[in-house]
Amino acid sequence: MQGGQRLGAEGFDVVVAGGGAAGIGAAVGAAQAGARTLLLERYGFLGGAATNANVLTYCGLYQAGETPRRAVAGVAEAMLAGLKALGGDITPRRGQTGNWIVVFDPEALKRAADRVVIAAGVETWLHARLTGAVRRNGVLEAVRVTDHAGTHEIAARAFVDASGEADLGVLAGLPIAFPRPGLDGVQPGSAPLRLGGLTPGAMPDRACLARVAAAANRLLPSPCVRPEGGIFMPMPGPGEAWWMCIDLNTDGLSAPDLTRAEQRGREAAWACIEALRQERGMEGAHLLSTGPQFGIRETRRCTTRQMVTGEQVVAGARSPDGVARGAWPMEVHEAPGRVALTPVGAEGFFDIPLPALQAAGIDNLWCAGRVMGADRAAFGSVRVMGTALATGHAAGVAAALRSAGVGEVQAELRRQGALV
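First residue of the sequence shown: 1, per our numbering; consecutive thereafter.
Treat the hints as calculated values from the structure; they're not laboratory data. Heads up, none of these hints are tricks.
Label-pair ranges, simulated between beta-carbon atoms:
(1) Gly34 <-> Gly173: 26 to 32 Å
(2) Glu141 <-> Gly185: 33 to 39 Å
(3) Glu228 <-> Ser289: 21 to 27 Å
(4) Glu240 <-> Gly185: 33 to 39 Å
(5) Glu283 <-> Glu334: 32 to 38 Å
Given the structure is predicted, the values throughout are model-derived calculations rather than measurements. Positions of the beta carbon are idealized from the N, C-alpha and C atoms, including for glycine.
Please work from the sequences and hints to get the whole structure.
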(Lines of atoms letter the chains of each structure in order from A and count residues from 1; the text may use other names and numbers.)
(Lines give C-alpha, C1' and ligand atoms only; values in the text may rest on other atoms or scores of the structure.)
Protein backbone atom coordinates (compact mmCIF):
# COMPACT_ATOMS: atom_id res chain seq x y z
CA MET A 1 0.00 0.00 0.00
CA GLN A 2 1.36 3.43 -0.95
CA GLY A 3 0.29 5.79 1.85
CA GLY A 4 -3.24 7.05 2.34
CA GLN A 5 -5.82 5.76 4.76
CA ARG A 6 -5.63 2.30 6.30
CA LEU A 7 -8.57 1.31 8.47
CA GLY A 8 -10.46 -1.80 9.40
CA ALA A 9 -14.06 -1.90 8.23
CA GLU A 10 -15.33 -0.35 11.47
CA GLY A 11 -12.19 1.44 12.64
CA PHE A 12 -11.20 0.90 16.27
CA ASP A 13 -12.81 1.43 19.64
CA VAL A 14 -9.52 2.27 21.39
CA VAL A 15 -6.12 3.30 20.04
CA VAL A 16 -3.15 3.18 22.42
CA ALA A 17 -0.02 5.20 21.59
CA GLY A 18 3.14 3.59 22.97
CA GLY A 19 4.00 -0.06 23.58
CA GLY A 20 5.83 0.17 26.88
CA ALA A 21 4.53 -1.09 30.22
CA ALA A 22 1.68 1.45 30.29
CA GLY A 23 0.75 0.79 26.68
CA ILE A 24 0.72 -2.98 27.14
CA GLY A 25 -1.46 -2.57 30.22
CA ALA A 26 -3.83 -0.20 28.42
CA ALA A 27 -4.19 -2.27 25.26
CA VAL A 28 -4.80 -5.54 27.08
CA GLY A 29 -7.19 -3.91 29.56
CA ALA A 30 -9.21 -2.31 26.77
CA ALA A 31 -9.34 -5.50 24.70
CA GLN A 32 -10.40 -7.61 27.68
CA ALA A 33 -13.19 -5.10 28.30
CA GLY A 34 -14.52 -5.86 24.82
CA ALA A 35 -13.00 -3.01 22.80
CA ARG A 36 -11.46 -3.46 19.37
CA THR A 37 -8.01 -2.16 20.24
CA LEU A 38 -4.98 -1.00 18.26
CA LEU A 39 -1.56 -0.66 19.92
CA LEU A 40 0.99 1.59 18.19
CA GLU A 41 4.74 1.29 18.82
CA ARG A 42 7.64 2.97 17.00
CA TYR A 43 10.18 0.20 17.66
CA GLY A 44 10.05 -3.35 16.30
CA PHE A 45 9.18 -4.77 19.74
CA LEU A 46 7.11 -3.97 22.82
CA GLY A 47 8.35 -3.38 26.36
CA GLY A 48 9.32 0.29 26.52
CA ALA A 49 12.27 1.11 28.76
CA ALA A 50 12.63 -2.58 29.62
CA THR A 51 13.57 -3.46 26.06
CA ASN A 52 14.65 -0.17 24.49
CA ALA A 53 16.75 1.27 27.33
CA ASN A 54 18.07 -1.80 29.19
CA VAL A 55 16.02 -1.11 32.34
CA LEU A 56 15.87 -4.78 33.30
CA THR A 57 13.91 -4.59 36.55
CA TYR A 58 10.19 -4.23 37.20
CA CYS A 59 9.84 -1.80 40.10
CA GLY A 60 6.56 -1.02 41.85
CA LEU A 61 4.90 -4.44 41.66
CA TYR A 62 5.43 -5.00 45.39
CA GLN A 63 5.16 -2.97 48.56
CA ALA A 64 8.29 -2.35 50.61
CA GLY A 65 8.78 -4.43 53.73
CA GLU A 66 10.34 -7.57 55.15
CA THR A 67 8.24 -9.77 52.86
CA PRO A 68 6.97 -8.96 49.35
CA ARG A 69 3.29 -8.01 49.13
CA ARG A 70 1.75 -7.44 45.74
CA ALA A 71 0.50 -3.95 44.85
CA VAL A 72 -0.08 -4.56 41.14
CA ALA A 73 -1.71 -7.54 39.44
CA GLY A 74 -4.02 -7.88 36.41
CA VAL A 75 -2.02 -7.38 33.21
CA ALA A 76 1.16 -7.39 35.28
CA GLU A 77 0.30 -10.92 36.40
CA ALA A 78 0.01 -11.99 32.77
CA MET A 79 3.41 -10.47 31.98
CA LEU A 80 5.04 -12.26 34.91
CA ALA A 81 3.41 -15.54 33.91
CA GLY A 82 4.71 -15.01 30.38
CA LEU A 83 8.26 -14.50 31.65
CA LYS A 84 8.02 -17.62 33.83
CA ALA A 85 6.74 -19.68 30.89
CA LEU A 86 9.91 -18.69 29.01
CA GLY A 87 12.12 -19.94 31.83
CA GLY A 88 12.46 -16.68 33.71
CA ASP A 89 12.85 -16.47 37.48
CA ILE A 90 10.15 -14.03 38.59
CA THR A 91 10.90 -14.38 42.30
CA PRO A 92 11.03 -10.86 43.73
CA ARG A 93 14.45 -9.70 44.94
CA ARG A 94 14.97 -7.17 47.68
CA GLY A 95 17.13 -4.33 46.39
CA GLN A 96 19.62 -2.09 48.17
CA THR A 97 16.85 0.29 49.25
CA GLY A 98 14.67 -2.45 50.79
CA ASN A 99 12.20 -2.40 47.90
CA TRP A 100 11.24 -5.51 45.95
CA ILE A 101 12.00 -5.86 42.25
CA VAL A 102 11.69 -8.49 39.53
CA VAL A 103 14.69 -8.98 37.22
CA PHE A 104 14.19 -10.25 33.68
CA ASP A 105 15.91 -10.97 30.38
CA PRO A 106 14.91 -8.34 27.77
CA GLU A 107 14.52 -10.86 24.96
CA ALA A 108 12.16 -12.93 27.10
CA LEU A 109 10.16 -9.82 27.93
CA LYS A 110 9.76 -8.97 24.24
CA ARG A 111 8.34 -12.43 23.57
CA ALA A 112 6.16 -12.42 26.68
CA ALA A 113 4.67 -9.06 25.66
CA ASP A 114 3.90 -10.39 22.16
CA ARG A 115 2.10 -13.37 23.62
CA VAL A 116 0.10 -11.30 26.12
CA VAL A 117 -1.24 -8.80 23.59
CA ILE A 118 -1.98 -11.48 20.98
CA ALA A 119 -3.84 -13.60 23.55
CA ALA A 120 -5.97 -10.57 24.48
CA GLY A 121 -6.92 -9.94 20.85
CA VAL A 122 -5.03 -6.66 20.52
CA GLU A 123 -4.06 -5.56 17.01
CA THR A 124 -0.49 -4.24 17.14
CA TRP A 125 1.38 -2.05 14.67
CA LEU A 126 5.11 -2.02 15.27
CA HIS A 127 7.36 0.39 13.35
CA ALA A 128 4.51 2.93 13.51
CA ARG A 129 5.36 6.51 14.44
CA LEU A 130 2.66 8.87 15.71
CA THR A 131 2.77 12.06 13.62
CA GLY A 132 -0.59 13.82 13.95
CA ALA A 133 -4.00 14.00 15.56
CA VAL A 134 -7.47 15.16 14.52
CA ARG A 135 -9.47 16.92 17.23
CA ARG A 136 -12.85 18.62 16.93
CA ASN A 137 -15.03 20.20 19.63
CA GLY A 138 -13.06 18.77 22.51
CA VAL A 139 -13.06 15.24 21.09
CA LEU A 140 -10.09 13.40 19.60
CA GLU A 141 -11.35 11.77 16.41
CA ALA A 142 -8.29 10.20 14.82
CA VAL A 143 -4.51 9.91 14.88
CA ARG A 144 -2.05 9.97 12.01
CA VAL A 145 0.62 7.31 11.92
CA THR A 146 3.59 7.17 9.57
CA ASP A 147 5.49 4.07 8.50
CA HIS A 148 7.67 3.36 5.47
CA ALA A 149 4.53 2.86 3.36
CA GLY A 150 3.18 6.34 4.08
CA THR A 151 0.88 8.17 6.48
CA HIS A 152 -2.34 6.59 7.69
CA GLU A 153 -5.27 8.16 9.52
CA ILE A 154 -6.84 5.93 12.16
CA ALA A 155 -10.18 6.75 13.75
CA ALA A 156 -11.34 5.52 17.16
CA ARG A 157 -13.85 6.26 19.90
CA ALA A 158 -11.19 6.69 22.59
CA PHE A 159 -7.42 7.00 22.91
CA VAL A 160 -4.70 6.38 25.49
CA ASP A 161 -1.43 8.33 25.55
CA ALA A 162 1.17 5.89 26.85
CA SER A 163 3.98 7.41 24.78
CA GLY A 164 6.20 8.35 27.72
CA GLU A 165 6.74 11.85 26.29
CA ALA A 166 3.06 12.96 26.00
CA ASP A 167 3.38 12.83 22.20
CA LEU A 168 -0.32 12.25 21.62
CA GLY A 169 -1.32 14.94 24.09
CA VAL A 170 0.95 17.45 22.35
CA LEU A 171 -0.31 16.56 18.88
CA ALA A 172 -3.91 16.82 20.10
CA GLY A 173 -3.31 20.32 21.49
CA LEU A 174 -3.62 19.32 25.13
CA PRO A 175 -1.93 21.74 27.55
CA ILE A 176 1.25 20.11 28.76
CA ALA A 177 2.26 20.13 32.41
CA PHE A 178 5.83 20.89 33.41
CA PRO A 179 7.31 21.58 29.97
CA ARG A 180 10.52 22.57 31.82
CA PRO A 181 12.60 24.57 29.35
CA GLY A 182 16.17 23.38 29.08
CA LEU A 183 17.27 21.16 31.94
CA ASP A 184 15.52 23.08 34.72
CA GLY A 185 14.18 20.44 37.09
CA VAL A 186 14.19 17.51 34.65
CA GLN A 187 15.54 14.34 36.20
CA PRO A 188 18.72 13.09 34.50
CA GLY A 189 18.60 10.03 32.30
CA SER A 190 20.77 6.93 32.54
CA ALA A 191 22.54 4.41 30.32
CA PRO A 192 22.20 0.97 32.00
CA LEU A 193 24.64 -1.72 30.88
CA ARG A 194 24.22 -5.45 30.41
CA LEU A 195 27.50 -7.27 30.97
CA GLY A 196 28.85 -10.76 30.31
CA GLY A 197 32.06 -12.66 30.93
CA LEU A 198 32.16 -12.31 34.71
CA THR A 199 33.65 -15.11 36.80
CA PRO A 200 30.66 -17.00 38.28
CA GLY A 201 29.99 -15.82 41.83
CA ALA A 202 32.32 -12.82 41.52
CA MET A 203 30.21 -9.76 42.24
CA PRO A 204 31.97 -6.46 43.06
CA ASP A 205 31.40 -5.02 46.54
CA ARG A 206 30.78 -1.33 47.25
CA ALA A 207 34.49 -0.52 47.64
CA CYS A 208 35.26 -2.20 44.33
CA LEU A 209 32.51 -0.32 42.52
CA ALA A 210 33.74 2.99 43.91
CA ARG A 211 37.26 2.22 42.65
CA VAL A 212 35.94 1.28 39.23
CA ALA A 213 33.80 4.43 39.04
CA ALA A 214 36.77 6.63 39.91
CA ALA A 215 38.94 4.89 37.32
CA ALA A 216 36.23 5.16 34.64
CA ASN A 217 35.70 8.85 35.34
CA ARG A 218 39.45 9.46 34.94
CA LEU A 219 39.18 8.00 31.43
CA LEU A 220 36.40 10.39 30.44
CA PRO A 221 36.70 14.03 29.33
CA SER A 222 33.61 14.80 31.42
CA PRO A 223 32.89 12.41 34.35
CA CYS A 224 29.38 10.92 34.38
CA VAL A 225 29.77 7.65 36.33
CA ARG A 226 28.14 7.66 39.77
CA PRO A 227 30.96 8.10 42.33
CA GLU A 228 29.76 5.21 44.51
CA GLY A 229 29.51 2.93 41.47
CA GLY A 230 25.74 2.75 41.09
CA ILE A 231 23.66 -0.44 41.17
CA PHE A 232 25.26 -3.73 40.12
CA MET A 233 23.32 -7.00 40.21
CA PRO A 234 23.58 -10.49 38.74
CA MET A 235 21.35 -11.39 35.80
CA PRO A 236 19.80 -14.78 34.96
CA GLY A 237 22.47 -15.76 32.40
CA PRO A 238 25.78 -17.30 33.63
CA GLY A 239 28.41 -14.64 34.19
CA GLU A 240 25.95 -11.85 33.33
CA ALA A 241 25.17 -8.69 35.29
CA TRP A 242 23.20 -5.45 35.03
CA TRP A 243 24.87 -2.18 35.92
CA MET A 244 23.15 1.19 36.38
CA CYS A 245 25.95 3.70 36.88
CA ILE A 246 25.95 6.31 34.09
CA ASP A 247 23.84 9.45 34.56
CA LEU A 248 23.57 12.39 32.15
CA ASN A 249 21.43 15.49 31.88
CA THR A 250 19.33 15.62 28.71
CA ASP A 251 16.05 17.22 27.69
CA GLY A 252 14.94 13.80 26.43
CA LEU A 253 13.10 15.27 23.45
CA SER A 254 15.32 16.96 20.88
CA ALA A 255 17.43 14.97 18.43
CA PRO A 256 20.62 17.00 19.02
CA ASP A 257 20.41 16.66 22.80
CA LEU A 258 19.53 12.97 22.69
CA THR A 259 22.39 12.35 20.27
CA ARG A 260 24.86 13.88 22.71
CA ALA A 261 23.46 11.70 25.51
CA GLU A 262 23.66 8.54 23.38
CA GLN A 263 27.26 9.19 22.33
CA ARG A 264 28.46 10.21 25.78
CA GLY A 265 26.66 7.23 27.30
CA ARG A 266 28.42 4.78 24.98
CA GLU A 267 31.76 6.43 25.64
CA ALA A 268 31.20 6.05 29.37
CA ALA A 269 30.04 2.44 28.97
CA TRP A 270 33.33 1.43 27.37
CA ALA A 271 35.30 3.32 30.01
CA CYS A 272 33.38 1.41 32.71
CA ILE A 273 34.21 -1.92 31.09
CA GLU A 274 37.89 -1.01 30.78
CA ALA A 275 38.03 -0.03 34.45
CA LEU A 276 36.06 -3.07 35.61
CA ARG A 277 38.45 -5.47 33.89
CA GLN A 278 41.20 -4.41 36.27
CA GLU A 279 39.35 -6.03 39.19
CA ARG A 280 39.71 -9.64 40.28
CA GLY A 281 37.04 -11.88 38.79
CA MET A 282 36.12 -9.21 36.26
CA GLU A 283 39.01 -9.69 33.83
CA GLY A 284 36.75 -11.18 31.15
CA ALA A 285 34.00 -8.60 31.47
CA HIS A 286 32.53 -7.43 28.19
CA LEU A 287 29.59 -5.32 27.12
CA LEU A 288 26.60 -7.37 25.95
CA SER A 289 24.29 -4.45 25.22
CA THR A 290 23.33 -0.86 25.77
CA GLY A 291 20.06 0.79 24.76
CA PRO A 292 19.09 0.69 21.96
CA GLN A 293 18.28 4.12 23.32
CA PHE A 294 19.40 6.24 26.25
CA GLY A 295 17.13 5.79 29.27
CA ILE A 296 14.81 8.76 29.90
CA ARG A 297 13.16 9.36 33.27
CA GLU A 298 11.27 12.57 32.70
CA THR A 299 10.27 14.94 29.92
CA ARG A 300 6.70 16.25 29.83
CA ARG A 301 3.31 15.17 31.15
CA CYS A 302 -0.28 15.64 30.09
CA THR A 303 -2.52 18.06 31.94
CA THR A 304 -5.09 15.87 33.65
CA ARG A 305 -8.21 16.56 35.71
CA GLN A 306 -6.37 15.78 38.92
CA MET A 307 -2.76 15.30 40.01
CA VAL A 308 -1.31 12.81 42.44
CA THR A 309 0.83 14.77 44.91
CA GLY A 310 3.89 13.98 46.97
CA GLU A 311 1.84 14.58 50.10
CA GLN A 312 -0.57 11.82 49.06
CA VAL A 313 2.30 9.40 48.46
CA VAL A 314 3.85 10.13 51.88
CA ALA A 315 0.45 9.67 53.51
CA GLY A 316 -0.34 6.46 51.63
CA ALA A 317 -3.62 8.17 50.73
CA ARG A 318 -6.64 6.14 49.68
CA SER A 319 -9.32 7.44 47.31
CA PRO A 320 -12.87 6.35 46.45
CA ASP A 321 -11.91 7.03 42.81
CA GLY A 322 -8.81 4.80 43.01
CA VAL A 323 -8.20 2.62 39.95
CA ALA A 324 -4.54 1.66 40.48
CA ARG A 325 -2.02 1.42 43.30
CA GLY A 326 1.42 2.95 43.61
CA ALA A 327 3.95 1.34 45.96
CA TRP A 328 7.38 2.51 44.82
CA PRO A 329 9.01 5.22 46.97
CA MET A 330 9.37 8.72 45.58
CA GLU A 331 12.69 8.21 43.82
CA VAL A 332 13.70 11.65 42.57
CA HIS A 333 17.02 11.94 40.75
CA GLU A 334 17.89 15.50 41.71
CA ALA A 335 21.09 15.57 39.65
CA PRO A 336 23.44 13.03 38.05
CA GLY A 337 24.57 10.71 40.82
CA ARG A 338 22.25 12.19 43.46
CA VAL A 339 19.00 10.41 44.36
CA ALA A 340 16.44 11.27 47.06
CA LEU A 341 14.19 8.43 48.27
CA THR A 342 11.02 9.06 50.28
CA PRO A 343 9.02 6.00 51.37
CA VAL A 344 5.30 5.47 50.85
CA GLY A 345 3.35 5.90 54.07
CA ALA A 346 0.49 4.11 55.84
CA GLU A 347 -0.12 0.62 54.40
CA GLY A 348 2.76 0.94 51.94
CA PHE A 349 0.72 1.91 48.89
CA PHE A 350 -1.45 4.80 47.71
CA ASP A 351 -4.40 5.01 45.37
CA ILE A 352 -4.14 6.59 41.94
CA PRO A 353 -7.55 8.12 41.19
CA LEU A 354 -9.20 7.91 37.76
CA PRO A 355 -9.17 11.73 37.21
CA ALA A 356 -5.34 11.62 37.32
CA LEU A 357 -5.55 9.53 34.13
CA GLN A 358 -8.18 11.66 32.35
CA ALA A 359 -6.98 14.43 30.04
CA ALA A 360 -8.23 17.90 30.90
CA GLY A 361 -10.28 19.27 28.02
CA ILE A 362 -10.34 16.17 25.80
CA ASP A 363 -13.16 13.89 26.84
CA ASN A 364 -11.94 10.72 25.17
CA LEU A 365 -8.21 10.83 25.93
CA TRP A 366 -6.64 8.97 28.83
CA CYS A 367 -3.03 9.27 30.01
CA ALA A 368 -0.93 6.53 31.62
CA GLY A 369 2.61 5.75 32.73
CA ARG A 370 5.02 8.69 32.66
CA VAL A 371 2.42 11.06 31.17
CA MET A 372 -0.24 10.76 33.90
CA GLY A 373 -1.06 13.61 36.24
CA ALA A 374 1.48 13.90 39.07
CA ASP A 375 3.51 16.63 40.70
CA ARG A 376 7.29 16.39 40.59
CA ALA A 377 7.64 14.51 43.87
CA ALA A 378 4.86 11.98 43.16
CA PHE A 379 6.19 11.50 39.63
CA GLY A 380 9.31 9.97 41.20
CA SER A 381 7.05 7.13 42.34
CA VAL A 382 4.45 6.66 39.58
CA ARG A 383 6.93 6.68 36.67
CA VAL A 384 8.29 3.16 37.30
CA MET A 385 7.24 0.25 35.09
CA GLY A 386 5.33 -1.81 37.63
CA THR A 387 3.09 1.16 38.44
CA ALA A 388 2.87 2.01 34.74
CA LEU A 389 1.37 -1.43 34.08
CA ALA A 390 -1.32 -0.57 36.64
CA THR A 391 -2.09 2.96 35.39
CA GLY A 392 -2.09 1.69 31.81
CA HIS A 393 -4.47 -1.12 32.72
CA ALA A 394 -6.83 1.36 34.37
CA ALA A 395 -6.63 3.87 31.51
CA GLY A 396 -7.33 1.17 28.93
CA VAL A 397 -10.40 -0.09 30.76
CA ALA A 398 -11.67 3.47 31.24
CA ALA A 399 -11.16 4.17 27.52
CA ALA A 400 -13.08 1.03 26.58
CA LEU A 401 -15.93 1.96 28.95
CA ARG A 402 -15.81 5.60 27.93
CA SER A 403 -19.15 6.76 29.36
CA ALA A 404 -18.98 4.57 32.47
CA GLY A 405 -18.60 5.88 36.00
CA VAL A 406 -15.62 5.09 38.22
CA GLY A 407 -17.53 2.26 39.92
CA GLU A 408 -17.96 0.42 36.63
CA VAL A 409 -14.28 0.92 35.77
CA GLN A 410 -13.26 -0.43 39.17
CA ALA A 411 -15.57 -3.43 38.77
CA GLU A 412 -14.12 -4.28 35.35
CA LEU A 413 -10.57 -3.92 36.65
CA ARG A 414 -11.35 -6.32 39.49
CA ARG A 415 -12.92 -8.74 37.00
CA GLN A 416 -9.62 -8.65 35.10
CA GLY A 417 -7.65 -9.41 38.26
CA ALA A 418 -6.35 -5.93 39.08
CA LEU A 419 -5.83 -4.76 42.68
CA VAL A 420 -8.06 -1.73 43.27
